[in-house]
Amino acid sequence: MYFRLGLSFAAVICATVAVSEEVKPTEVLFVDGAVEASLSGQPGDPSSGADIMNKGAGNCIACHQVSALAHLPFQGEIGPPLDGVADRWSEAELRGIVTNAKIMFEDSMMPSFYKTEGFIRLGDEYTGKAHGGGEVQPLLTAQQIEDVVAYLVTLKE
Amino acid sequence: MKIGAWTAVAMLGLTSVTLAQDGNTLSIDGETIVTEAVAPAHLENLDTIYSGWRFRTSETQALQIDDFDNPAMIFVDQALDLFEAVDGSEGKSCSSCHTDGPEEFAGLHASMPKVVDGKLVVMEDLINSHRQDVMGAEPWKWSGADMQAMVALIGLQSRGTPMDVTIDGDAAPFWEKGKELYYTRFGQLEMSCANCHEDNYGTMIRADHLSQGQINGFPTYRLKQAKLISRHNRFRGCIRDTRAETFAEGSDEFRALELYVASRSNGLHVETPAVRQ
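Protein chains in written order, with the working numbering: chain H, 77 to 233; chain L, 107 to 383.
Calculated from the structure, these hints are not laboratory results. These numbers were taken from a predicted model, which means no experiment stands behind them. Just so you know, even glycine gets a beta-carbon here, dropped at the ideal spot from N, CA and C.
Below, in silico cross-link-like pairs of lysine-lysine (DSS-like), each with a Cα-Cα straight-line distance of 25 Å or less: (1) L:K247 to L:K220; (2) H:K178 to H:K131; (3) L:K285 to H:K205; (4) L:K247 to L:K330; (5) H:K232 to H:K131; (6) L:K198 to L:K247; (7) L:K220 to L:K285; (8) H:K178 to H:K100; (9) L:K333 to H:K205; (10) L:K225 to L:K285; (11) L:K285 to H:K178; (12) H:K178 to H:K232; (13) H:K205 to H:K191; (14) L:K283 to L:K225; (15) L:K220 to L:K283; (16) L:K330 to H:K131; (17) H:K205 to L:K247; (18) L:K225 to L:K247; (19) L:K333 to L:K247; (20) H:K205 to L:K330; (21) H:K205 to L:K283.
Now the in silico label distances, taken between C-beta atoms and shown as ranges: (22) H:K178 to L:E150: 21 to 27 Å; (23) H:P149 to L:Q331: 21 to 27 Å; (24) H:D183 to L:S357: 23 to 29 Å; (25) L:F174 to H:D163: 52 to 58 Å; (26) L:E355 to H:H147: 38 to 44 Å; (27) H:K232 to L:E282: 45 to 51 Å; (28) H:D183 to L:G308: 17 to 23 Å; (29) L:A313 to H:Q213: 24 to 30 Å; (30) L:D270 to H:P156: 37 to 43 Å.
All chains, please: the whole structure from these sequences, using the hints.
This is the structure in structure tokens:
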């Protein structure tokens, strides 16, 4: 309920002043694991998305193979290859999977990239120390999620 | 510097690759080491357990089949010297009391950790309690070079013996605690030991070939770090990599986890000191 209100409110702003509100990690609305609207309110940039596939907190290649990124060494085998993934899933479904895969795939090992609460012994990045207690940043920002989704929808066979 | 030593060692190893075995059978100086066994009955999700040796490249494997090539043996030699060295206020060495040498400890490693007087003790505890209580010497740091060399020397006395830790009786509550830790999804990446080492062993995660995370070869010589790595240091690294707050080396959590992980190795031969990437 609350989420829906939040969204329609954002939509109103959008329509009137053409400035969009970012959806907070705690306020994402999932429908059958999918997320309809852009989290940042902006379109994604597929080339930035391709970069995120290979680096930082994204690092999708650690677990997935992508033939279109064959120049990147050491592609992992934990998850299915992402070739043709846009034939299998809609944009909204892909956004849902990247946002929080555990909603589409129960108990998935895939990290939840746009989530900020409910962790056990949350650390301060890769230091092994406890998180400082300030605001928790999701693994990817709303715009980075959009960029990755924009890249994934190009993966057609 | 470290890289230099590493390469030199790797080159030594390469010369013996031609003599290497089929990648499935580990025989060290004529002694066969079991690297694959029927999973112990308590393991519900695995049928077969494998030593981490099976998941390494033939170059890394080769370093372990001949003690002359095994870079960990330098540290074992140092531990032999430490065993003889007088230290502490009582003017004693380990050999003052253990007059038969480290051979006296044959089989001990295979049964560790174990419960003594209601407390779960690991090898590092035994060594430090002797240093402090009977020698009057300073305790060694958990993952320090001296400590892990001594753990390796004592472990080597059990090489070729099947791992056989006790999980019932006094050990049961510690084992349950360790099991719970093994299946807890820690950190911002929300991953448990089982996610990687039970559900996905044999696959690649980025550049790493995942093993079952067995500890029958510890302390292991890691080529990347050019030193002996303790069990708790390895646990710490694996938890840190999930973007979690890890536990301390020597913590009760890691003692319990060590017991549980050791019990997953029950049936594999002790390989100490193993060589890993």
